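Asker: Given only the sequences and the hints, what does the whole structure look like? Please build it.
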Amino acid sequence: MADLVSHPDEVKVVSKRFGQGAVNIDRYLELDGYKAVQKALTMQPDEIINLVKNSGLRGRGGAGFNTGLKWSFVPKQSAKPKYILCNGDESEPGTCKDRLIFEHDPHAIIEGVMIAGLAVGAQTGYIYVRGEYRYLLEIVQKAIADAYAKGFLGKNIFDSGKTFDIYWHGGAGAYEVGEESALMESLEGKRGIPRIRPPFPAVVGLWGGPTVINNAETLASVPHILLGGAEWYANLGSPKNGGTRLFCLSGNLNKPGVYELPMGYSLKKMIYEVGGGIPNGRKLKGVVPGGSSVAILTADEVNADVAMDFDAMLKAGSMLGSGGVVVLDDTACIVNFALRTIKFYKHESCGWCIPCREGTDWLQKTLIRFHSGGGVKKDIDNMYYLAENMLGRTFCPLGDAAAMPVIAFVKKFRQEFEDHLDGKPCPFAKHSGAQQSPVMA
Amino acid sequence: MATIYVDGKPHQVDAQQNLLHACLTLGFNLPYFCWHPALGSVGACRQCAVKQFRSPEDKHGRLVMACMTPASEGAQISIADPEAVAFRKGIIEGMMENHPHDCPVCDEGGECHLQDMTVMTGHDYRRYEFPKRTFRNQYLGPFVNHEMNRCIQCYRCVRFYREYAGGQDFNVFGIRNLAYFGRHEDGVLESEFAGNLDEVCPTGVFTDATHKHHYTRKWDMQFAPSICVHCGLGCNISPGERYGMLRRIVNRYHGDINGYFLCDRGRYGYEFVNSEQRIRQPQIRSNGQIQPVPKQQAIEEGGRFIASATTVIGIGSSRASLESNFALRMAVGANHFFAGASTQELQLLHLTLEILRTTPVASLRDVEDSDAVLVLGEDVSNYAPRMALSLRQSVRQQPFAMTDKLKIPRWLDHAVREAAQEHKGPLFMATVAATRLDDVATDTYRGAPDEIARLGYAVARTLDPEAAGLRATTASGSLAGQIVRAVRAVTGLGKPPSGAPDADFETMAQRIAQALNGAERPLVISGLGCRSGPVLKAAANVVRALQRNGKPARIALAVPECNSLGLAMLGAKPFEEALAVAREHSGTTAIMLENDLYRQAPGSDVDVFLRSANHLIALDHLQNRTTATAELTFPAATFAESDGTLVNNEGRAQRFFQALTPQEIQESWRWLRDIFVAAGRREFSAWKTLDDVIQSLVSEFPDLAQVAEAAPAASFRMAGEKIPRQPHRYSGRTAMLANINVSEPKPPDDPDSSLSYSMEGNPDQPPAALIPFAWAGGWNSYQAWNKFQEEIAGPLRGGNPGVRLFQPPAQAGEYFQDAPKRFQPREGEWLVVPLYHVFGSEELSILSPGVKQLSPKPYIAMNDEHAKGAGLQAEDMVELAIGGASYRAALQIRPDLPVGIAGVPVGVDLFAGIQLPAWSKIERVS
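So the protein lines, in turn, are chains A and B.
Going by the numbering used here, the first sequence opens with residue 1, and the numbers climb by one from there.
Going by the numbering used here, the second sequence opens with residue 1001, and the numbers climb by one from there.
None of these hints come from the bench; they were simulated from the model.
All figures in this text were calculated on a predicted structure; none of them were measured in a lab.
Using N, Cα and C, we set each Cβ at its ideal position, and we do this for glycine too.
Check before you lean on any hint, since a few could be wrong.
Unchecked claim - One-sided excerpt, in silico: chain A residues whose CB lies under 7 Å from chain B:
id : residue
1  : LEU4
2  : ARG195
3  : PHE200
4  : ALA202
5  : CYS350
6  : ARG357
Claimed, not checked - Derived list of chain A stretches under chain B, where covered just means 3 residues or more per stretch with a C-beta under 8 Å from a C-beta of chain B:
id : stretch
7  : 148 to 156
8  : 338 to 349
9  : 389 to 401
Answerer: Laid out in structure tokens, this is it:
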């Protein structure tokens, strides 16, 4: 189990029960557990949806779509069964928040799935857990079994006459399956490749039925909103960005860890206060504010004091993404960081569409050669070109995820790329001790 | 219709389609890979990107994939937009990263979609400087060659193989740029449609392995419009020749029949044409020695045999052209014109004709579009294979109606499949044994032919109480059949049938009736496969009952050979009567036209027939048991070497044309003409060309009058010019025979068609029946068919080739009466039925090495309960006796066979001439 950190600025909502033993269902009940779903049972579906809509809760997986609005797209009548899917396939590098929820508060997720089910009229939920989180599956399995044992799941839940079932499923280790439509393919036992939208999952989702698919943190937030009210939750955050969010601070920080902070919290404060600043008196070089797939922010951009919510981040030229905040100090080599980033996306490209499949491969090969001193000037432009050719043009957002950081690296740190040219050794090698990769071709 | 604007100009397009389909229909050159006209859009390759603008004011626009974007009213797009052009170029560049650039040694070179698209996008310089990824290739059988390094991962192969053709043993493995398309291990591809991978693959990953043995570039081949001869469906093909050898067969698009796909028997069965066993010049047998004789001498000898005969018996052929059969009939007279087929088969063929004349008939395209299907007695996958592929699509029709409601366009292939999931439209398979369509069937019923017929009669009666025969409720008793529900799980694994409960039989008939009656385009499929008149009649009755209920129902019947119906229409009499004539008369001369009698009739009867005749003349392609007995043998041209007309299973007359011009070999009608002229029948000398024969034919047979319209006459010219059989890039013509004579010979003259043996001629699109090959400017691959169609995947310009001889009747025909009695299994005896094999049951294709390799060994099959009862085990050598002959083969256990039924693979040599169905004991022999 990961160590928990804390900071006075934190507003604990989703993380309220962290470290309180809420994995145990009885303890969870003591901590107001399963009250929200019982409240939901007394409400009309539209009431639940409106409540969530008004709370300003936006998808915590990265896209930031209004959750209540997403639920409202599910047709009331459907010939096929409806489904609630919990996306626990957390695999964006720099992101480790859902893992804590599964570890500390799995029943909140179950409750969130149930409430979503009641809101859209589904009777079945799936909790899909990332393949590498195998150990979390045991927690999830036990939590589901305990909920069944108490009669919270199954037929006639809380004597309401309603039925709700939840199943768990473990991934097989593909990043792509974190993408909602690929996750449905995976859950159906198929290759983890994305689906085209429209039709959206709300209309044609899992097994062809209307489906709500939400991130684990999103669903875990829902019970709190039901009990605390839409207004309370909305006011925790910034305009149109309701509530709080788990931020995963990592990199060159004195106090890395997962902190729950209000939406719209200052990035600068997050680094220098919550995260305890940069060790060894080093200077800040840049921050990747929302998981490895978003554009890096330079020290100047961070120091201009940008707020951590979906809209402000977009305005700043990056994205809030999955809440993974990766801090780089001035010893980090951007070329090497770009290589590390692209290596991941190349490895995880599902192989469905050409710009991503071939673009990430070409980028990786170029960056390996480049970082080992074999780069030539035209490589810099070519990397930019390859990334541009992916951005917005691939089948699914994985291509964007690979393209956005590369574009930002080249645009914002072109000089560092040029410093690697003409066979020069990596200027940061003495800091990182990075092994020089063999020159290819 | 919708108006879309392409680069500022308005165009009328089909609003139900996507922008790629619309642009290609309009004739624009927009590159693509993952999209295929028959497979729809999935958006994988990103190659067809265009710029779309929200309004005329929108100057910025955004890139969209044309294949994934509806051609909606007012859509404004630009193909020429610089950003779109640059992006498309970048996509090809990405594909070319790992493509080996081995075009000079690649079989696809010169007809490669990837080459075409590369040129089209303007990508001409390789900037990628890193090593390419490599794969290990697999052995995939005798037909399909695998070269994975060339793969650009467009996913078409796996989509065709699994999703379209239902194959299970081929898939995509791995991820990122290591996605691998193949089998889990080396081995023969199981699907009988695997050969289509050659055309589906946009580059050289899957190529024709048979072609590899005698490889020739597309541009160096001489093509002809032709018709497949390996079953009765009449798929259109394009055979390619060079140096007098047939090099390969590829699909020739026909909007109503084969569309874009062939079966592997049709594609790879061609090698018999190049066989060592070919009869290449006239032969005479004297003193037990077979010797070649000069053509003229043989003709004169033949003339003497005819002139001296008291009676001349002509045996026609269901695999010979209408013209050759007609020539024989004219020569020997109607009274002495026979089919090699038995009375039983001819009766069935005449019954088929009767039904076709009085019932709306479905083309394969109609089969595909049917939304509820009942198959009575036919193992479609093995008997008329291409039809099985169409049937597989028919089960998508009802799901389409469901996805239409969700507003998912039908071309958005994966979205449709995700929404439809496992939902399939009704397809009921009532057959003697398991079939390879059972996996998509709603229900399967297995029973004896009579039981299958009874099911059909019960369905008809349920639909219309006026229909004759038994009512569902009277179909009681212990029916020797089994109903297998949820067949996907248990196909072939069901318990041995021991009689279906009556209630099941009744409810099944009701379910079928309900499904057919509830459909918009119901279809019944049957045919000669189980050789049962009652089954054919039952099928017709179901269609008639549906028609009386106001349903636009159709029928599709499978027939044994490529010209079975043509021969029947010429009034050929059964072999038994030929035998009687031969026995009664002495001094007869018998002419066997392209017919190995030993495959048609019991060997003892054939022996008697051949011995009774005074002189025997055979005309055929290859040496066989019948030609071995002939005194005089003439080398008859195969489909690839001749012109003629075939009548397919729907009653469509289609013309095929010569691709090869072998020296001594000529069409059977020409040999017959020459022989009869030599015998003093001067009137036949009027037949100078094929059109002369056709003219006689249509005046003699008003029924066949439309045959003349099956294709334009030989006098047809396009702007005064002939149509070239050779592509414009045909190379080396002047030097091809320089090793023999440095003077270039004059190209052969073709009096029979308006096609020339040259690359010279009119380069424009000929009438559909005369298109020798698909090729268009910038489109060197099979994808060039886009350029020949009125609309993408629609009919060819000017209408699809061929002419239907039967017009749909104004009203439903009369019901057939006489429903069969219940099938009664017999103690100690089995009803032996024919079992078909796509590779092995057809006479000509089995002479091709690849098909031979995949043909079954002889066996005798029965279910395990039977075998146990008789104390038999798998692989035991057993014997059965039918028609005075006994047959020994290893016992095969087939749990799917019903009680009282045994099956043997027809077409394999051991069972040549066996007359089925027939009763026999089956006993173990040591």
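Asker: Work down the list of hints and note, for each, if the structure agrees.
Answerer: Status of each hint after checking the structure:
1. At its closest, the beta carbon of A/LEU4 sits 35 Å from a beta carbon of chain B; the interface hint therefore is violated under the 7 Å criterion.
2. A distance limit of 7 Å between C-beta atoms decides the matter here; for A/ARG195 the minimum to chain B is near 6 Å, and the interface restraint holds.
3. Given the 7 Å rule on beta carbons, the hint for A/PHE200 is violated: about 10 Å separates it from the nearest Cβ of chain B.
4. About 12 Å separates the beta-carbon of A/ALA202 from the nearest beta-carbon of chain B, more than 7 Å, and the hint is not met.
5. Here the hint on A/CYS350 is kept, as its CB sits about 5 Å from the closest CB of chain B, short of 7 Å.
6. Among the interface hints, the one on A/ARG357 holds; its C-beta lies about 5 Å from the nearest C-beta in chain B, closer than the 7 Å criterion.
7. Only residues whose C-beta sits within less than 8 Å of a C-beta in chain B count toward coverage, and the stretch 148 to 156 of chain A has 0 of them, not enough to reach three; the restraint is violated.
8. With 4 residues carrying a beta carbon less than 8 Å from a beta carbon of chain B, the stretch 338 to 349 of chain A meets the three-residue requirement, and the given coverage holds.
9. Chain B is given as covering the stretch 389 to 401 of chain A, and this holds because 5 residues of the stretch bring a CB closer than 8 Å to a CB of that chain, at least three being needed.
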